[in-house]
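Undergrad: Can you build the whole structure from these sequences, using the hints too?
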Amino acid sequence: MEPVEINAGNYYLRQLRADELMDDRPALVEAFADPTQRRYVPGYQVGTLEEAGEYVAVRARQWERDERCSWAVAEPTTGDLLGEILLKNLDLEAGVAEAGLWIHPNARGRGVGVTALSAALRFGFGALGLREISYQHEESNTASAAVARRCGFTHVRTEHAGPGVEPELIWTRGPAGAM
Numbered sequence: 001m002e003p004v005e006i007n008a009g010n011y012y013l014r015q016l017r018a019d020e021l022m023d024d025r026p027a028l029v030e031a032f033a034d035p036t037q038r039r040y041v042p043g044y045q046v047g048t049l050e051e052a053g054e055y056v057a058v059r060a061r062q063w064e065r066d067e068r069c070s071w072a073v074a075e076p077t078t079g080d081l082l083g084e085i086l087l088k089n090l091d092l093e094a095g096v097a098e099a100g101l102w103i104h105p106n107a108r109g110r111g112v113g114v115t116a117l118s119a120a121l122r123f124g125f126g127a128l129g130l131r132e133i134s135y136q137h138e139e140s141n142t143a144s145a146a147v148a149r150r151c152g153f154t155h156v157r158t159e160h161a162g163p164g165v166e167p168e169l170i171w172t173r174g175p176a177g178a179m
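Counted from 1, the sequence shown has number 60 at position 60 by full-length UniProt numbering; the numbering is strictly sequential.
By construction, these hints were calculated from the structure, which means they are not laboratory data. What you are looking at is a predicted structure, and each value in this text was computed from that prediction instead of being measured. The reader is advised that the hints may include incorrect statements.
For lysine to aspartate or glutamate, the following DMTMM-like pairs were computed, each having C-alpha atoms within a straight-line distance of at most 25 Å [unchecked claim]:
#1 K88 / E51
#2 K88 / E2
#3 K88 / E50
#4 K88 / E54
#5 K88 / E159
#6 K88 / E75
#7 K88 / E168
#8 K88 / E98
#9 K88 / E5
#10 K88 / D66
#11 K88 / E64
#12 K88 / D34
#13 K88 / D23
#14 K88 / E30
#15 K88 / E139
#16 K88 / E166
#17 K88 / E67
#18 K88 / E132
#19 K88 / E138
TA: Right, here's the structure in full:
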């Protein structure tokens, strides 16, 4: 599918970019250098502009393959990257996906995640016709739990992977009452 832009009120959602008009790579490197980001968004190497460029390219390919809708949360007047919102593990036939997000350290605590995720949920339930969107995070990530509650998700279970591994909270939401 083609990437779409979404007006999210105080912010807008757009494709991540690394081109002559807009370059999200420096903000990506900065965000992924943050200890909280590394803790709760593991598994990504985004320490250089080259790695950030590959991150942007991967997200573009995922849009093309209908695997993931990924949006840069942008400040509307400057276009500055404030975070990323996504619908991943898309199964359009089954009507399900998993939501995810991260917010740049400089933008945390301002409601960016709730506003942007609410817009992505409207897109998922409306434009994509999804029937259920799940959301999961580590138990200690209280900011993610607050976003889930404010976006209308219901906590359905806690998964324990084993000793020494933090439990994951699993939330779900259907289109009824979509924001």
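Undergrad: When the structure is checked against the list of hints, which entries are broken? Sort them ascending.
TA: none
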